[in-house]
Every structure is written in structure tokens, then in C-alpha cells.
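Undergrad: Now for the letters of each chain:
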Amino acid sequence: MPLLARLRSLVTNLLASRRVEADLDDELRAALDQLTEEKMAAGLNPAAAQREARLELGGVEQVKEEVRAARAGAWIATWGQDVRYGVRALARSPGFAAVVILVLGLGIGANTAIFGLVNSLLYKPLPGVHDPEGLIWLRSSWSYPDFLELRARGEVFSGVAALGGTSRFALGTAGSIELVSGEFVTAGAFAVMGADIALGRGFVPEDDVAAAAPVTVLSDTLWRRRFGADPGVIGRTIRVNGAALRVAGVAARGFLGPEVGLPRELWVPMALHARLAATSDDRPVGDALADRSSIWLNVIARLREGVTLPEAQAATYAIAGQIADAHGDRDRARRLEAATLLPVIGGLDPRDRLEAVWVAAFLMVLVGLVLLVACANVAGLLLARALTRVKEMGIRRALGATRPRLVRQLLTEGLVLALLGGGAGLVLAGWTNELLVALVRRTPIAPPDLGLDRRVLGFTLAVSLLTAVVAGLAPAVQVSRIDPMAALRNQGGLGTRSRLRRALVVTQVGLSLLFLIGAGLFARSLLRVGSVDPGFVVENGLTATIDPGTLRYPLEHGLALERRLLATIEALPGVERASAVRYPPFSFASAQGQVYPGTDLASEDGAVSAGLNLVGPGYFATMGIPVARGRELVAEDDGSAPRVVVVNEALARRLFPGGDAIGRHVRVGRDAPPAAIVGVVAEAASGTAAPPQARAVIDLTHERDRPFVYRPLYQSYQGSLTLVVRARPGARDVAAAVSGAIRAVDPDLGVTEVKTLAEHVDLALLPARLCAALLAGFGLLALGLAAIGLWGLMSASVKRRTHEIGVRVALGATRADVLRLVVGDGVRVVAIGVGLGLGLALLTTRFLAGLLYGVSPVDPTTFVVVSTLFLGVALVATAVPALQATRVDPMVALRAE
Amino acid sequence: MAPARTELLHGTLDLLVLKALDLAPNHGLGIARRIEQVTQGTFHPQPGSLFPALHRLEEQGWLDSEWGESENRRKAKYYRLTRAGRRRLEKEVASWRQIAHAMNLALGTS
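Listed in order, the protein sequences are those of chains A and B. For what it's worth, our numbering labels the leading residue of the first sequence as 1, then goes sequentially. For what it's worth, our numbering labels the leading residue of the second sequence as 1001, then goes sequentially.
Just so you know, the hints here were simulated from the structure itself, not pulled from any lab data. Computed from a predicted model, the values in this text were never measured in an experiment. Don't be surprised by glycine CBs; every beta carbon is placed ideally from N, CA and C. Misleading hints may appear alongside valid ones.
According to the in silico footprint, chain A covers these stretches of chain B (three or more CB under 8 Å from chain A) [stated by the list, open to error]:
#, stretch
1, 1013 to 1025
2, 1042 to 1048
3, 1093 to 1105
Simulated restraints on C-beta separations [stated by the list, open to error]:
#, chain 1, residue 1, chain 2, residue 2, range
4, A, D23, B, A1094, 32 to 38 Å
5, A, M40, B, L1107, 53 to 59 Å
6, B, R1087, A, D23, 22 to 28 Å
No farther apart than 30 Å at their CA atoms in a straight line, the calculated lysine-lysine pairs in the DSSO-like style are these [what the hints assert, rightly or not]:
#, chain 1, residue 1, chain 2, residue 2
7, B, K1019, B, K1077
8, B, K1077, A, K755
9, A, K39, A, K391
10, B, K1091, A, K39
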């Protein structure tokens, strides 16, 4: 059977190639001998006969090449040969190979590291969640009664669950209280989210009724930390917010809720809300589950198999419409908006995704530039190496290798290098990721999962292959153009190749400069952010977060506790002042609302969107925020006093552009009771609205200038609050004293770790600093690559022109003349490259405008400093070979010919 | 006078090789000689295409090869038709005759 025969030949050709080759060799030698004998028989002398025979056969080696090309699997066999040959060739010049692998490794590694980050941010499913496809968010505008109707009618979903958002729970008993983050969820929530329960069970419908025996589910982290990973914890009773809950289950390892960066460690059934939720004024308690106007739930759902997203969306809109119809058509628009289905892709909140995609695209373009520079660099190196192999290539051509074969051979060498470079890149990216995770671990942000997955490996492989083609093709084609005869006669024909090398160096210089300018703009912008005066005094500031709401004290009791706490702390010897605030600066939490001027409840005129905060007496003095006009909030601004607020200057300007804000009335919320403005304070950073993932860098910079309104803490009871303490300069152990004082006032009160204000600011600036470090690193990398490329070009040029320089020196050229000659040559290349880079930068940096803070996209300082730095480095890279050139001895140079 | 050497039609070399081996096994040079002889010098296969063709036909299972001794007592690689090769030859000959007949008709040769 022909097919079998072919397969057999394929196997023989590939596995027994040596025997097949020997056989072919014998066959052709026999034919040549026979021809020779025939010619001799015809009367020619032996030498003539042999020549005639060779001519007739047309070159034994060429015939062999033709036969090899006709063989089954010829492609694989010769490719294997190319690989072996390539590896051998590289092993012969390990220095060259090491440099190329390092350069490619840096370029590919940078790309792999950033792609790994992007991948984990955009595509990695939530940890601990299986089957993330079909998971859908309906965000944050659902009341519990509305949710029940959606669940009853949602046939397009295989499951629907409501989540209450993270809240703090006090775990344990007096003296051992730990504040943990947890969430109220409806029955079946774990199944909907795709989270496994490792021990025990999740919440069943019987748990989720008001009269049920109260149960809880722990996260794996909490189970290990607090209960020593004891499987016997199931069925045990623990205290949460003072109530006794039986542990029903432990969630599978890795699962910390459906929002990256906002881990939950404890879950309780929704029906326990009235019995368990921390009390406070701004969170619905008690009848929250019965109140249709109380909108506080996130809904998560899973598509039923076979239902498409548009079908589900249509059905959900219809349900929202019916709910609106049934309840007097109020809030129809809000209900429809809440019914918008947001498919979960990766772990990020779909609302943050678009922004994250932009940041990711920007980062990828940046590292792509670094890789391009690396490619141009390697192309230059490959070309330089190819020039030293002109003779080798000429011989191979003469021996019958076709041009495509040579191109393939050279591309294969490039491929071997690129794959090794890719391997080096993976190692480098692994180190970078470890460093990044180690840095993030020092913060409360959950570190991203940067482990390699198939997508990252595929990306690295694809980038390596692309690199092999981009860096290898031009040199390969150039070299294959070599005329075999000229090559053997030792004439390379160097003109065009030198031009190509110059073009490559110009490209490197241009792209590196473009990158450095981009990085420079960013670094300057980030430096501005870093040196932004937060508007408050950082030194000797301490914070500690407590949550009296978890104790479920009645309002009066809670307010009294807060007064007692502040008084006790202020009395501590090391403490100068103390106050409290709802959203401390740079805490990644804040509230936002509309502020309406005037007392007329019906009027919506002149509303300004502002950040909201609640602050205790003496907050501004404690923080060191100057009061511009009017007065600070005081202890007497309580529930029995007239309602008052303090605004910052930004809000005062916006609300009352013409006149003084003091004494004017505003409403914080349209239907809220009017409050008199008693003070105007300077702008200062306050609670940050951004989630800790993508927006932190950008939002931070706009934080200070935001309009803000401060309400007195004692006019609205807050469950959770942060104590701010200004220690006396030089006072020691204030943190321990503050913790002790809190425990002394109420042993049932849990307290977070006491932190300094400096730590808060550092944390807030961490993303900016990381980003600046990253950019600076990449910028230096690009600059280094361009310098190496330039230096290589100049050295090669000096080497090539040794003879010419020798002649010039012999004819009386001075060292200065030679120096000028070589440096001038280099400067021309750099000047073209710098011109190119500056032009590109002027054209493109405007797209960065939205990401820059306080720096113009065509900031002259950055452009000048970066260009000067670049020219300086370029001059050094040129000067070294130039100095070599001045040492050319004319006699030696001329004798070399 | 020897007739002008003609370029081999694409694909006909395989058929000529198979035909040349129809009567008896032969080595590479012998096959070339035989083709030249039976076509009265019209075709003169170049080694550069003959040897690749031989190897290709062998890989397809139509030829077999073994080392033997040539007429002047030299070692040579002999090719012979396999059964599959013989069937292939019959098929090729039939289809060639058809083409030749059709071409003759089309060109109006007497």
C-alpha cells in the first residue's frame, strides 16, 4: 500500500537519516564511477574522463540536495538539521548568544510580566470560583422585596442570590474581639457564585428565614487563623456581634467573595440582618428587608443553560418593568438600570473593567515599545554577526543550498535565540512578579494571583515567535543575497547592509527616546502626586478603626461611648489631641452625594456633587487642616443643637461663587433637613473613592480638589469610625496606649491595628510609586539597549574603516581629526534618531494627557532633560570606539590589506 | 543526425522511469540510458531530476531497490518495479494513451 510505504519512508528518513544519507552517497558515487569508466572506454584519459563525468552528472552535492528535497518529511528533516546547525553555531559564539538571549529576555520578560498582571486583572477568574462563565452581576440598586420578585420570576437564571456588600463583624467575646469583614447573603449564594464548601454546608433556604437557628459560614483563611484549621469547628457556637451563631460550614480554600481586593471572611444568612447587622444611621437596619425603598443589595445570578445573554436581558428588563408597574411606577428608570446584566469576565467588577482595559492597553503599548527596541537591537547584532559569516554562507550557496534554504537556516537560528530569550523572559518575569507580590503583601490590598497559566505561556511563546521573525527576517534576507562567488573572493559588498544597520540603530534611538519621554512625563507626574501636600499634617498622626455599631448599642449609648472614648484618649499623657472621622484619608472608602444650597426642600437648583464625611469635635485641629473662615466643629454640635456643617473651600466656591458661605444653609441630600455652614476649611485629601485596583493612581491626584462637606459626628450616629490621634512630638508607645484605652473603655469593642497617618499616605502612594519605579526601570532598559546598539554600530564601523583611517593618519590626519570623523558619524545617526523620537513624541504624548497630573504632555523640561540625557549617553557610546580609532597605527592598518 | 533534445513534459519522467523498468531492473544511469535509447535521443533525463524521481517513486512504494553488480562488475543500486508500481504503470499508460489520442485528434495529425 502506497500510504504505508510512504509512512515507512518517512520514519526511515527521520530516524535512520544517517543510513539513508550514506546510501545516497554510495549510489551517486557508483554512478559517477561508472560514467567515468564509460568515458575512459570511449578513449579519454582518466582526468578528462572524470571531469566530463562530473559535468554530465551536474554536481554530486547539488543532486544530493535535490534528492533530499524530494524525500518524504524533507521539511522536518532539514528543519531539524537547521536547528542542530543553529545550536552548534550559537554554541561556537557563546558570548554573542548570551548577549542576544539577555536582550531578548529583558524585552520578552517585561512583556510577560506586564501581560501576567493584565491577565490576572482582566481574565483570571475569581479565586475559588468555578464555572465563571454565565456568572452575572446586577449591581447595587436592589431592595430586598424587589430581589424576591426577581428570584421568583427569573426563569432565565439557574440561580439568583442577593449580597449585602462587605460589612464589619465583631468576632469573639470581650477581650478577644476581632473585627472581620463579612457579608449577608441569601440561601444558595455559594452555589450561584460557584464557590465550593470544603467542610459542612452552605446556606439552605431553611437557614434564610427570620426564625431560623442562626448559622454562619467561615472562609478558609478565618478558619485557619482563628480556629487552627480544626475540622471540629462545624456545629460549634461562636459569637458574632454579640449573638451566638453555629458554624455551618467552611468555604473552600481561596474563596474570599466575588470582589477582587475586597475579601470576605465570614458569611451570614440574609434573614439574620435585623438580628445581627451593625447599627448606624446611614445603614438600613431592622426593617431593611421589608423596605422596598431601601436599596442596598447587589444581585448575582447564573444564566440557565441554553439561555443567551440578550434573552436573559430582555426577560430581566421585563421583570423590572412589572415590578415598577406593580408599585405605582416609582423609580422605573432606576429599576431598569438595576436590571442591567453585567457578565463577569475575570475577577474585576464589570464597571471597573473598561478603565482597567485602558490602563492595560497603555501598559502593553509601553512594554511593546521596549520589545521593539530590543528587536531592533538584536536585528543589528544578528546582522553584524552575519557579516562575519559571509564566507560560510558563500560556501553553503556554492555547495547547493538554495536561497530560501539559507533564509530558513538563519531564521531558525533566530528562532532558537528567541525561544531561549523567551525562557529567560519567563524567569525574569517570575522574579518581577515575586517582587510585586511581596510589595503588595505589605498593604491591605489582596495580592493579585500572578501564577503562570496557559494564556501567559501562550503569550510568551507568541511574542518569542514574533520576535524571531521581526528581528531575524531582515538580516536573513540580506545575508542570503550574498553572491557566492564574490563571497569566496572575500568581497562582501558591505554598503546596503551597513545602511540597514544604521536604520536599525536610528529606530532604536528613536523608539527609546519616545519611551523615555513617555516615562519621563509619567515619572514627573507621579513625583508631583508623591509630593502633593495632602492638606493635613502627617507627622505624629495615628489612626485606629473601631466599630461600636457591631455591639448593637442603642443610639444614645453608642454616642455616649464615642464621647467617653475621645475624652479618655485625649487624657493620655502622650496625646496632644484626638478626634474621630467616618472615612479617614486614603482609606479607599468614601461617600458621595448631592449638596443643595438653600432651605427650600422642593428646589433642586445649584446642586453640587460632593464627597461626604462625618467628623468629630476638633477634627480639623487634630488633623492640622486650617480653618479658613468661621469655626471648627465642637462637642456641642450634637443632636440637641441646630444642624450645622463645615464645607471645604472648593465646595464653598461652587455653591456660593459670589459671597461668603458662612451662615448660609445647605441640604446634604434633596430631602435632608437644612444645616447652617459654620466653617470653611482648606482643601485636604479625604476618603478615596477609587477601588484599590486600577484607578488608585489616577484618582489620588484629583482627591484634594474635590468639593467636600463635613457633618458633625454627634448629629448622626455612626457605627464604624476611625479615631485620629495627634501624639505629642517625641512621645513613645502612644499606639499601645491608645489600644489599651479603647479596651479599657469597653472590652467588647474590637479595634483594628493602630496605624500612623504616614502609613496611610504611603499606602495611597504605593501604586504611583510602583508605577514610577516600573517606568524608570523600563526607561533605563530602553536607554541601555539603544546605547549598546549604538556602540556596536560604531565599533563595527571603526573596524571596517581601519584601513581608511590608517591612510588618513598616514596622510597627516591628527587624532582630533580622526575623533571628529568617527564621533561625527555617530552623532549623525543619533541626531536622526533623536529627531525621529522627538517627532513621534510630539505626535503621540497628547494621548497621555488624561493620565498625567500637573504636567503638560509636551512638557519642555521633560523633553529637554530626556533628550540631553540621551545625547550624553549616545556620546559616550560613540566616544569609546572613536578613541579606539585614534589608536589606529597606520603601518599596522595598511599592512593588514 | 540526432533529433533535438526536448524538455520533458511535467510529470512524464515518472512514467518513463516506470516504463524503463518494465522489462528488467536497472540502476540509475542505466535507466537514463534506456530512456534516451527508446525515445531515440529525444529525452535525456538530467541526474538532477532523475535521482530525486527515483527516490520519490521508491518512497511511494512503486519501486524497490537493492545493491547489485553492474555490467562492468561495479557495485550499483538497482531499481525494480513493485506490484503496486506495475499497476501504476498500467494506469499511467492507459491514461497517457487517452491523452495522446485526444491530442492527436485535436491537432489533426494523420
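Undergrad: Each hint: holds or not?
TA: Now for the hints, and whether the structure bears them out:
Given as covered by chain A, the stretch 1013 to 1025 of chain B fails the check, having 0 residues with a CB less than 8 Å from a CB of that chain where 3 are the minimum. Counting residues of the stretch 1042 to 1048 of chain B whose C-beta sits closer than 8 Å to any C-beta of chain A gives 3, which meets the bar of three, so the coverage hint holds. Restraint check on the stretch 1093 to 1105 of chain B versus chain A: 0 residues with Cβ-Cβ distances below 8 Å, three needed, restraint violated. Separation of D23(A) from A1094(B) is about 33 Å and conforms to the stated range, judged on CB atoms against 32 to 38 Å.
Between M40(A) and L1107(B) the C-beta distance comes to about 45 Å, which lies outside the given range of 53 to 59 Å. One distance hint, 22 to 28 Å for the beta-carbon pair R1087(B) and D23(A), holds here, with the actual separation near 26 Å. Straight-line distance between C-alpha atoms of K1019(B) and K1077(B) comes to about 18 Å, which keeps the hinted pair within the 30 Å bound. This hinted pair does not check out: K1077(B) and K755(A) have alpha carbons roughly 90 Å apart, beyond 30 Å.
The suggested pairing of K39(A) with K391(A) is violated, with an alpha-carbon distance near 35 Å, which exceeds 30 Å. Annotation: proposed proximity of K1091(B) to K39(A) is violated, straight-line Cα distance about 38 Å (limit 30 Å).
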